[in-house]
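These are the residues of each chain, in order.
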Amino acid sequence: MSQVSNTQAVHERIRNNPKFHELVSKRTSFAWTLSALMLAIYAGFILLIAYGKDFLGTSLSGGTTTIGFPIGVGVILSAIVLTGIYVRRANGEFDELNRQIIEESR
Amino acid sequence: MKTLKSAFTAALLATGGLMAATTAAMAAGADMGNVEKQSTNWHAIVMFVIFVGITLGITYWAARKNKTAADFYAAGGGITGFQNGLAIAGDYMSAASFLGISALVYGSGFDGLIFSVGWLVGWPIILFLIAERLRNLGKFTFADVASYRLAQGPVRIFAATSALIVVIFYLIGQMVGAGQLIKLLFGLDYLVAVIVVGALMMVYVTFGGMTATTWVQIIKACLLLGGATFIALGVMNHFGFSFENLFTKAVEIHPKHGAIMAPGSLVTNPVDAISLGLTLMFGTAGLPHILMRFFTVPNAKEARKSVFFATGFIGYFYILTFIIGFGAITLVATDPQYIDAAKGGLNLKGGGNMPAIWLAHAIGGDLFLGFISAVAFATILAVVSGLTLAGASAISHDLYANVFARGRTTEASEVRVSKIASLFLGVIAVILGVIFEKQNVAFIVALTFSIAASATFPVLVMSMFSKSLTTRGAVIGGYIGLIGSVGCVVLSKVVWVQSFGFKAEIFPYVYPTLFTMPAAFLSCWIFSILDNSPRAQAERDAYPSQAIRSETGLGAEGAASH
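Going line by line, the protein sequences match chains Y and L. Going by this note's numbering, the first sequence wraps up at 114, each residue one higher than the last. Going by this note's numbering, the second sequence wraps up at 1866, each residue one higher than the last.
It is worth saying that the hints were derived from the structure and are not from the lab. One or more of the hints may lead you astray.
Mimicking PhoX-like on lysine-lysine, the simulated pairs with C-alpha atoms at most 25 angstroms apart in a straight line are [unchecked claim]:
#, chain 1, residue 1, chain 2, residue 2
1, L, K1605, Y, K34
2, Y, K27, L, K1723
3, L, K1653, L, K1553
4, L, K1443, L, K1807
5, L, K1653, L, K1560
6, L, K1742, Y, K27
7, L, K1807, L, K1742
8, L, K1553, L, K1647
9, L, K1371, L, K1443
10, L, K1771, Y, K34
11, L, K1742, L, K1653
12, L, K1443, L, K1605
13, L, K1560, Y, K61
14, L, K1647, L, K1369
15, Y, K61, L, K1553
16, L, K1723, L, K1371
17, L, K1369, L, K1443
18, L, K1742, L, K1443
Residues on chain Y that point at chain L, a partial pick, calculated with CB under 7 angstroms [said to hold, decoys possible]:
#, residue
19, I54
20, V83
21, T91
Think of the CB as a built atom: it goes at the ideal place given N, C-alpha and C, for glycine as much as any other residue.
Extracted from the complex, chain Y is given alone in its bound form (with noise of 0.2 angstroms):
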C-alpha cells in the first residue's frame, strides 16, 4: 500500500514539476516536426514519381546520370539524417531534463 502511495505521490510531483510539461511539448513538437517533415519529402518523392516522370528523368550536368539519382539517393540520406539529429537531441538534450525531473520527483 505504501508502495502505491509512494507512486502516487511521485507522480503528483511530476505532474506539477514545469520541467515535466516542458519535456513533454518540447519533444511532442520536435517529434512531430521531423515526422511532418519526413512525411512531405516522402509524399513529395511520390508526387514527382507519380506526376514529374519527365524532371526526374533529366540529364544531371549533360551525362547519363539522371536528375532522378541524387533525389532518390537524398530521400534516403534525409531519413538517415532526420533520425540522427533526434537522437542527438533526445539522448543530449532531453534525457538532461528527464534525468532532473526524475531527481526532482524523489
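Here the structure of chain Y is known, so what remains is to put chain L in place on it, guided by the hints.
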C-alpha cells in the same frame, strides 16, 4: 518481359511490393514457383553448414543463459543499441529484398529505388513517435503497451489476432521463398529446404529464445552487409568508381536503354501511389517482430540509438542493392554463361532472382558465389526465427498468460507455453510452405503490411497519444482496421482475380491503407468518446499516470536487472 515479371514477383515475395498499376506485375503470379533446380552447390553447402554450426553454438550458449521470461522474450534486455540496430536491419533485409530489389533494378532500373525509399522512410516515424514510448511502457510484446490502461482480455485478443495473422502469412511468404531459393542456390529439393528451415528455426527459438534469435540476426546482417559491400565495390572498381561510367554502360546494354534512368510505369495512379506509400511507411511500424525488438534494449536511450543504426544500415544496404542491380546489367547480362540461351535477352539462367547471385560469381568466382548463396539461406533462417518468436510471444504472453490465465501463472509455465507455441508455429510454417508451393503468394505483402498499418499501428499510436482512448474504441477501431484491410486485399485483383479466378476485382486498388488506416483511427476515436461506461472513465483517468511513465521511463520494465 519474363525477367521483369520474375523480378517484380521476387521483390513482392518477401519484402513488400509495389504492384501498383503494373499489369505486367499483376499477371506475373508467383514465378518463383517456376525456378529450375540447379546442380548441387558444394561451396554453398559447406559454408552454410559452418554458419549453422556457429549459430547452434550460440543457441547452446543462449540456452544456458536463459533463465527468466525476460531472457526468453527480450534477451534479458541486455542488447545494446548498436547490436539491436544490426538485428533490426537483419529482420528487414530479407533474402528477397536483397535478391528481389537488385533484380528489380536489373529489370527496370530507377523503379527499384521507389521500393527502397518506401521501406526506409517508415523508420524515422518509428523513432519519432513510437520507439521510446514502446520501450517505456511495454515488457515483451506491443500488446503490453496497447493494453497498458485498458481491459487486458479484449485488447490482447485483438492484438494477438492481428499479430498472428501477420506472422503466419509473413512466414508463408518466407517459407515459399526459402524453398524456391534453396532449390535454386543449393540444388536441394523444395521439401527438404522447407523442412531444414523449419527445423533449424524451431531449435533456435525454443532453446535460445530472443538471445539466440538476436545473435543469429546480427551475424547474418554482418555477413549480408559484408557480402553486398564486396559485390558493390567490385562493380565500382570495374568502372573506376564512377557512377557516370556505370550508368552509361548500363544504358548502352539494357534493351530499354535510357528509360532505365527515370521512373517507368510502376506508379501511374496517384491513389495507389499514396496508398502504397502509407502502407510501406506505417506498415513497418506495426510489424510484431520488429516492435518486439525494442524490448531487448535496457532503456529508451538505447531504443533510440537502435533505430538510428538500423536506418543507417538499411539505407546503406538499399544503396548497395542499387549498385548491384546496375552492376548486373553491365557485368552479367553481357556474359553468355549466365544467359538463358533459350530465352535470350536479359533472361538469366535460374530465373528472375539471379542477378545478384550471378554478379557475385562474375566478381568473386565459385567460392564467393557459394558464400553469397549461404548468406541468402542464413538470411531466411534468421528472419523466420524472429517471426516465430513474435508469434509465439503473442500466444504465450498475450493469449495464455494474460487472457486465459488472467495473469495467474508462473514465468516458467509461460515460457514453456511459448516454446510449445514456437514448435507449433514451426510445424504450421512447414505445412503451409508445402501447401503454398505452387500458389500465388503475391498478395502476402499487401496483406501483412496493410494489417500492420491499418490495425496494429492505429491502436498502438492511439494508446500512446490519446487520453480519450477506451477499450471499446481500441477494440472496435482495431477490428475495423483488421477486417477492412483483410477484406479489401481479398477483394482486390491480386487475390480475387489471380487466386480465386473471378473475372473482375471488387476493390479497385492494390493497397487499402489509404482508406482503412484513417477508418481505424477515426473509429478508435469516435467509439472512445461515445463510451460513457464507468470502465471508460477509469481508463481515461489512468492516462496521466501512463503518460508519466511513457514520457520519463519512470517505472519502466528494467529488463536488464541482472
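Agreement of hint V83 (chain Y) with chain L interface, Cβ distance less than 7 angstroms: Holds, about 5 angstroms.
Straight-line alpha-carbon gap K1371 (chain L) to K1443 (chain L), limit 25 angstroms: Holds - the C-alpha atoms of K1443 (chain L) and K1371 (chain L) are around 16 angstroms apart, at most 25 angstroms.
Proposed proximity, K1443 (chain L) with K1742 (chain L) (alpha carbon, max 25 angstroms): 40 angstroms, violated
Pairwise hint evaluation, K1443 (chain L) against K1369 (chain L), where the allowed Cα distance is 25 angstroms at most: Given that 25 angstroms is the threshold and the Cα spacing comes to 19 angstroms, the pair holds.
Pair hint K1742 (chain L) and K27 (chain Y), alpha-carbon separation not exceeding 25 angstroms: 60 angstroms, violated
Pair hint outcome, K1553 (chain L) versus K1647 (chain L) [Cα-Cα no greater than 25 angstroms]: Measuring from Cα to Cα gives roughly 23 angstroms; hence the hint holds.
Given pair status - K34 (chain Y), K1605 (chain L), alpha carbons within 25 angstroms: 17 angstroms, holds
25 angstroms Cα cutoff - pair K1742 (chain L), K1653 (chain L): 20 angstroms, holds
Given pair status - K1371 (chain L), K1723 (chain L), alpha carbons within 25 angstroms: Answer holds: K1723 (chain L) to K1371 (chain L) is near 13 angstroms, not above 25 angstroms.
Hint consistency between K27 (chain Y) and K1723 (chain L) [alpha-carbon to alpha-carbon, up to 25 angstroms]: 45 angstroms, violated
Holds or violated: K1807 (chain L) to K1742 (chain L), with C-alpha atoms at most 25 angstroms apart: Between K1807 (chain L) and K1742 (chain L) the Cα gap is close to 21 angstroms, so the pair holds against 25 angstroms.
Pair hint outcome, K61 (chain Y) versus K1553 (chain L) [Cα-Cα no greater than 25 angstroms]: This hinted pair holds, its Cα atoms lying about 22 angstroms apart.
Checked against the numbered hints above, the structure breaks hints 2, 4, 6, 14 and 18 and satisfies the rest.
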